[in-house]
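Going line by line, the protein sequences match chains C and G. Sequential numbering of the first sequence, starting at 1, is according to the UniProt record's numbering. Sequential numbering of the second sequence, starting at 1, is according to the UniProt record's numbering.
There could be a bad hint or two in this list.
Stated by the list, open to error - Okay, derived cross-link-like pairs now, DSBU-like style, lysine-lysine, Cα gap no bigger than 35 Å in a straight line:
#1 C:LYS26 / C:LYS188
#2 G:LYS171 / C:LYS188
#3 C:LYS188 / C:LYS151
#4 C:LYS26 / C:LYS151
#5 C:LYS200 / C:LYS188
#6 G:LYS171 / C:LYS26
Don't read these hints as lab results, they were simulated from the structure.
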Amino acid sequence: MTDWFPLALGMDVPSETAAPARLYGKEIALWRGADGQVHAWEDRCPHRGMRLSFGFVRNGNLACLYHGWQFGADATCRHIPAHPELRVPGTIHAHAYRAEERAGIIWVSLNEDASLDELPDEDAFGARSILVQAPLASVRVALALPEEGWKWQEDCLVAAHEPEPGLTMLHMASATLANRLDIAARAKTTRDHLEALNEKVPA
Amino acid sequence: MRLRDWALDDRCYAVRLGASLMGVHLPTITDAAALETGPVLEIDGGCLRGPADILQRLTSLPEVSRDWHLGIGEERRDAWAESALEQLSHLRRAALLAALPTDGVPPSVFRLMTEIEDRLSDDRLCDRPWLSGRHPGVADILLFPIVALSQDLEVPLDLYPAIRNFIRQFKALPGFMTMPGVPECH
Ligand code: FES
Chain C
1 MTDWFPLALG
11 MDVPSETAAP
21 ARLYGKEIAL
31 WRGADGQVHA
41 WEDRCPHRGM
51 RLSFGFVRNG
61 NLACLYHGWQ
71 FGADATCRHI
81 PAHPELRVPG
91 TIHAHAYRAE
101 ERAGIIWVSL
111 NEDASLDELP
121 DEDAFGARSI
131 LVQAPLASVR
141 VALALPEEGW
151 KWQEDCLVAA
161 HEPEPGLTML
171 HMASATLANR
181 LDIAARAKTT
191 RDHLEALNEK
201 VPA
Chain G
1 MRLRDWALDD
11 RCYAVRLGAS
21 LMGVHLPTIT
31 DAAALETGPV
41 LEIDGGCLRG
51 PADILQRLTS
61 LPEVSRDWHL
71 GIGEERRDAW
81 AESALEQLSH
91 LRRAALLAAL
101 PTDGVPPSVF
111 RLMTEIEDRL
121 SDDRLCDRPW
131 LSGRHPGVAD
141 ILLFPIVALS
151 QDLEVPLDLY
161 PAIRNFIRQF
171 KALPGFMTMP
181 GVPECH
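Please construct the entire structure, taking both the sequences and the accompanying hints into account.
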């Protein structure tokens, strides 16, 4: 079993924005600073539990929508607007996971020691993250996805994760920029095919 | 000119939102019937119904920038967006009025969101930033309440990245306004 999960296309988390993701129901906030670096944190503010993916990016920090606490790239709290003079103790921090951007896809590992060797090292351009209403296990079988959870299919990188039981997000990236539309069309055909297969399986 | 309006109705919101984005001063009068019929525009001594027709009428007012005018062949997108809004409005009323909470997202909502996501996603890859082309138009205004209020039906937005992108860029438009259920900033 791999340590890395493909959670989103890089292009779907633009600079200075945050986005929600889920992995087997676990809520994760993805965000990208002005420097282009992607972060993946537990989607829960340490203050009162607001979802950090609703937050906004300011001065290289992710600010919580609720009371505006700001967290730096290292996940420690840098600023509490209600107490502007306070030097925030380093013990207050968001819970960070490892995040790595490869082949147009954002990969997240809950294991700090995960090896980067498991990830693709070729370049690719994100084409489509598409919802498939079928469990990941059956998508894996139908697409013959290997253990690592991703593979090259000619000029297309295919990867998948399960946001919640029974639903799969299929992420497809293209080896060339020009081919992205073709690959996006292929993503739709693949989805329709997989959902039709899934409906045939008796519950 | 004035709008017969119900503040919590999604179709009425589309009209108020459009007027605000286009810089049209649109007085409103609260009319509970609009919850059923949708918005009604009193104009030129008559009544205009249907959010798409009302918004198109607003685009032709002299104070509105020509950027809001329809491109050639765009009527189909307006009609598509209007029927999508009708569907959501119907589903949302059913969900909000339900005596018991329903279990999970209904399949019809998944179908609607998938159709919208497919379209926005293809447009984006073709460098078409808005449903209406280079500039937002009536179809975009009709689409926004659907995707923003889909939260009332508990649609998880992590499943729809192109819709998320649309919501973000729409909220950044000058004149954007909210209604209950649409968070101010995101
Ligand atoms: S819950 Fe995040 S700052 Fe209060």
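Going through the hints against the structure:
1. Distance check on the hinted pair: LYS26 of chain C and LYS188 of chain C sit about 26 Å apart at the alpha-carbon level, within 35 Å; holds.
2. Between the alpha carbons of LYS171 of chain G and LYS188 of chain C the distance comes to roughly 28 Å, so the proposed pair stays at or under 35 Å and holds.
3. Restraint check: the Cα-Cα separation between LYS188 of chain C and LYS151 of chain C comes to about 18 Å, which is no more than 35 Å; the hinted pair holds.
4. Among the hinted pairs, LYS26 of chain C with LYS151 of chain C is consistent with the structure: their alpha-carbon atoms are about 24 Å apart, no more than 35 Å.
5. Between the alpha carbons of LYS200 of chain C and LYS188 of chain C the distance comes to roughly 19 Å, so the proposed pair stays at or under 35 Å and holds.
6. Distance restraint check for LYS171 of chain G and LYS26 of chain C: the Cα-Cα separation of roughly 28 Å lies within the 35 Å cut-off, and the hinted pair is therefore satisfied.
The structure meets every hint from the earlier list without exception.
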